[in-house]
Every structure is written in structure tokens, then in C-alpha cells.
Amino acid sequence: MKAVFTSALASAILAYGAPTKEARDVDTKYPYVGPAVPVGDFVNNSPNGNGKGYPRLIEAPAVKPSSSNPTNNINVINTGYVPGGMNIHFQTPFGIGQAPTIKYGTSASALSQTATGASSTYDRTPPCSSIKDPTQCSQFFHNVQLTGLKAGTTYYYQIPGSNGTTSSQVLSFSTARAAGDKTPFTIGVLNDMGYTNAKGTYKYLSQAAQGGDIAFAWHGGDISYADDWYSGILPCEADWDVCYNGTTTELPNTPPAPFPAEYAAPLPAGESPSQGGPEGGDMSVVYESNWDLWQNWMNNVTNNVPYMVLPGNHEAACAEFDGPQNQLSAYLDEDKLNSTAPNSTLTYYSCPTSQRNFTTYQFRFRMPGPESKGVSNFWYSFDYGLAHFISLDGETDFPYSPEYPFLRDLTGNETHPTEDQTFITDSGPFGTIDNNQWKVNSAYQQYNWLKADLAAVDRTKTPWVIAMSHRPMYSSEVSSYQKNLRNAFEGLLIENGVDAYFAGHIHWYERIWPIGNGTIDTASIINNNTYQTNPGVSMTHIVNGMAGNIESHSSLNASKILNITAVLNQYNYGFSKLTFHNESVATWQYVKGVDGSIGDELTLIKKKNGTSSSTSSASKSATSTSSASSSKTGTSTGSASTSKSIPTSASASKSSFVSASATSSKTGSVTGTASASKSGSASSSATSTSSAQPSGPGGYPPAGPQPGPPGPPNRPWGPVDGPVDGPHGPPHNGPGSQGPPARGNDW
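Residue 169 in full-length UniProt numbering sits at position 169 of the sequence shown; the count goes up by one each step and never skips.
Among the hints, a few may not be true.
Claimed, not checked - The following label-pair restraints were derived from C-beta to C-beta distances:
#, residue 1, residue 2, range
1, N299, S109, 20 to 28 Å
2, N300, P83, 21 to 29 Å
3, K203, T579, 15 to 23 Å
4, P83, Q113, 12 to 20 Å
5, S442, A238, 51 to 59 Å
6, T432, G84, 25 to 33 Å
7, K203, Q169, 19 to 27 Å
8, G491, A99, 13 to 21 Å
9, Q437, Q113, 43 to 51 Å
10, S112, K451, 41 to 49 Å
11, S167, Q207, 21 to 29 Å
12, K203, S584, 27 to 35 Å
13, T183, A108, 22 to 30 Å
Think of the hints as simulated: they come from the structure by calculation, not from any bench. Being a predicted model, the structure only gives us computed values, none of them experimental. All C-beta atoms, glycine included, are put in the ideal place defined by N, C-alpha and C.
With these hints in hand, go ahead and build the complete structure from the sequences.
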């Protein structure tokens, strides 16, 4: 079927098409071979299309160019640990004509050593070649490993210029301290960031990175929120440090230009409604530029400390909300932001092959998966001083994982998809599954890797073991994925004495009482702000999902807070710091983005051999200090946390952790309490302390499931334990906008 072009469209393509040969002629070794304008390419089912598609959104660069005559510049640099050294990752719009190299040494004036790496690219939509000014565009990704380095040492390095690039400044990094090094250190921990509500998080995280206060940052998924592409068609707001200014977005299909016939075409053969077609569409355009924007913005952090990441649901594909019945697509159909259309009339899905299956995430970072016998950026581990850190994939590769493709692919006589077929499925798997036993934990490569990794930990060197995945196992906001995560990993983590498990996904700060297998471990609670580790019995769980992002905060009526929750802050954005003081003491601080004050503080004390639980229980303080009111500066702008009293043994007895009436919406306010401004500060004090426990079985959670509405149509939910949680869709921040439809939190 031939694409229909109008004169207006042709003019738009000519005006915004590929640059001249002179501007493009910097790509020699790794040329882009895809179409010049693949967006909305409905006439060819191949991943690359044929370049004759109908482009919807035509965008200028996301970030103001640093040069009036841009060439092939280095625009993103980040580092990540590898055993015995460091991986230097940098990005350019085009190829650099040779293998990437790094010059380095222990003196800034004597970069006498050279290391060589490799480059890679994917079919970015749209390619940097079709952007008028590609200065901040990233399509070529370069990784160079520096190995054989001395632990705990500062090295200086420079990326030499080649094929149109200018050499970088001389930068520096510090290698990881050797396992067993007892020097105290602090790390930054964050989840769910993006850029639209993350100004305060960025400010204090940047200060910590540039000031040497943190050794590295650990970002537990939902990194850039590039897939929430609707932020790209909203006007910029004053309290955003950076933005993708949607007011300059052009929609070339404006009247009198008709929609091409291809817009009504059915999905290509082999595609199911929940997967999307390979040709691309509206969302793919803004997606890549949102990634560019976030990564360029974060250079002040990623240039100064290693930035370790793991996958979240917002890294899976180019659009979280996509396809038919999508209110967001209706905005584009009507050529206006405040669309009143009940749903879209589109019959296609917008993410092309290169923007599904975590592709962008895999190229824009480089974690030590291979070096730790894990898989790519999905699951890996590393040591630093007294601690062993484990990054898990909470999105794929375990039974009933949120992004699993297995049920539909294995139904009937279908076989498990091969690696080159996963573009027509949901995301993953990225590891093997023995004999396609997708319901069995021990069949998964990730599970067996975790088991082996934990068995290999040398506790004489790294007594602290910390794990993180994107999604929590426990929260007052209950959802079926939590039980699936617990079934997959909790037993293994507890059996091997893991001290703490951090997560995000729910957009608030929540500290859980020590818990194991659904039971609050009162023996591990010394006071409200001090826990003692109890290997084999419980772990500390913290939901740390308040770094920012376009979706705002999750919220929950105070009466629905479960007794597993010690502290809950639904108002303030921020990040957290974790400090390892010695083999026995670590502290956790939640830093509020509104003013840098401390919103919560927890001390973890390592249980010594021979110490009994009764000893720990007897040492509990009769009184405790509410950490929610503590402040780094001695003052606070107003507490916005809910703190619960220490649970008794009776209230913490084991019960079945079922889906409860703990629905939430990301509105940033709670019924009956003060709402918060978008900047993250509470408009008034909203602190409440409750001594009464919920009336549910065994003390938690409250009785009576009250499921929210189902997720989007055609979502392959598969079997779940209990209903999904309630409305979770973000509000729009733009004038007259409505926000996407409600969805289940498993989405």
C-alpha cells in the first residue's frame, strides 16, 4: 500500500528531513542504514521500514545546542564499575570512524595509558541524521573498559576527538574500594526520577556527587520517564530545570491535509494488539529526545560518580500508554492538547522494534552483568568496601513477572520465542528458562544466578549485603506483583542473610518494619529508628520511589495504611543516602528535595554471632524519636510523613498477604490531610501518629479487597493472585489536559 503524501507534508519533510551530506558525513565505521524518516511508516512491515512513511511529530532538538555549528559532539558520559576497573560510556550523534579510545593515568597532566573499546548503535526513531541540529542527539554508544586499576584510587581520563568530535575535558573517577576495605562510605539511592518534578532531587544529588559526599549513585529503575512521552507535548513549567517544550511541536497533519489511508490499516501480520507494530509512530519521536534530554541534564552527576542502574517498567518500551482506546493519542488526532475525544480512533501502536524490549536501556548504559556472571544491565552484582550490592530485574525473568511474554507464547503448541523473535512479544526473557518451565523459580537463569551469587559472598570481607529491584515486595499499596516478587526472591534473600531490599515503583517514601514471609519481626525492632538485622528471619524493606517524574506522587488514605508500614511520606520528592560506618552499623537517610532536610533516618545494627532475638527484643526503647521531623539543618518546612508506633507481637502475627483496599492515585494528596505543591513541599503539617492497628486478619492488612478498575484493554495480564490495584494514572500538568486513563499498577 502506497503512502499518501500531501504538499504540506512534503514541505514538512523537506524542511525537517536529513541534513546535507556535509553535516552528515561524519559517519564512516558505523553508518545508520535505516530510513531517514521512519516515523509512522505503515507501508513496510520490516523493522527498518522503507523510509516512505508518514511522519506525525516533527521535532527540534530536545536540548539547546552547545554550538551554533554542531558536528559529531560527545554529549553524554557516564561510568560504571567493572571488576578491577571502570567502564567509560559515552554517546555521540554519529559514528566516530574508529574504535573508541580513552587516555588515562593517575595524574591529570600525564595521561600516558590508552584503552580501546567498542561502539554500537540501534535504529533510533527518528535517527540523528533527520534532526536539523543533532548536537544533543545520541545514536552511537561507545564503551571502553579500563582494567587492572588500583582499588580506591583516583584516575584521570580524556576521550580523544575523532571524525568530527572534539576531545572531552580531562575528567576523573575513583575506583571501587577493595572488598574488605573498612573505610566508611556513602552512596546515593534513588528510583523513579525523570526530569519534570525532580528539580530538588537533582540539586541535592548533584551537590553530593560533585562534593564527594557519595561514592556512587544506584538508580533502581524508571530512569528518564522518556516513555511518558505526553510530557513532550505539554508546555514547559517554571519549576522544571529542563523540558522538552511541546509548544513548538509541529503536527504536519493539520487541515486541510487529510489523514493518509494507512492510518486506518489493520495491524501488520504477526502482531497482536498488545505488542505494537514495527513501523513506529507518534510516541517514538518524543521518546528518544526525552532520553537525550534527561541524560544531558544528568551529566553533572554521571560525570562525577559512577551511575549504576537497573531496569524499571518505564524502560521497557517507547510508550507506557499506546494504541487504541488511548486518550493521549486522541490529543494528536484532534491536533490539540485539551482533546475531549473519549478515546483514540487509531488502529495501530506506535513503538517500533528498536524502542521495545528494553532496547534503548540496553544501549544507553553499561553495567557489569557479564563480569559478575549476570546478564547485561538486567541483573548483576559488585563489591564496594564492606558491602556487596545486588541489582535484580523485577520486570522480567521470573514466574508471572510484570513484563512476561511466556503465557501467550507457550499457549497450545507454540514454542518459546528465540532472541530474534522477542520484538513481537512483551519484554524478555533475557536469560534462559530450563525446558520452558516458566512457572518454576528454579528454571530461571536469574534465580540460579542469584543463588550462586549469594553463595559466593565472603562475609568476612563484605558483611553487608544489599539488594534492589524496581518493584517492592511489601507496601501499604498492595498489588499482585508483590506476591509474585516475594515468591520469586524473598526466600532466597532471607535464607542467605541479605540485610535490606530497596525498591521504588510506588511514588512515595515508605519504610517497612523488619519483615519476613509476611510476618513483622518485632525482635529486630530496637526503636522506631533502629533495626537490628536478623539473618534467616527478616529483612529491612524501603520503598524509595519519590525522586520526581511526570506522574507525581502516589497517595493513600491514612485509614488504609497497613501496620507493616513504619513511616510513609506521600508529599516530598527526594533521594536517599546509605552510609556504611563499619562492619556493624549502617545508616539510611531520606533527603527531601524541597530543602535538603532529612525526612527519615534509620540505623541498621548488624546482629553479632550468638546474639539471640530475645536480647534484641529486650533492648527496645520505650520511647522513640520521630525521624520524619528531623532535619539536617535543625529546621523543617513541615513534616508530611505518617509514622506508626512499634507493632506488638500480637499485631504482627503471620497472616496471608492478600490484595487489600489499598488503592491509590498519583495525585499527590491524601484524603483528610494537607495536599502538596508540585515542588514537593507540603502546604501544611500533615503528620499523624497512630497507635491503633488495622483490623485485618492477624493485624494486617485491613480486611476486604476493593479492587480498582482493570488496566488498559488487551493487556495480557495472565494469572494473578487477587485483583490489581486501583487507578494509578498520572495527571497532566498542562492546561486543559485530562491525563491518561486509569490503569492497574502491574502495567
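Looking back at the numbered hints, which does the structure fail to meet, lowest number first?
8
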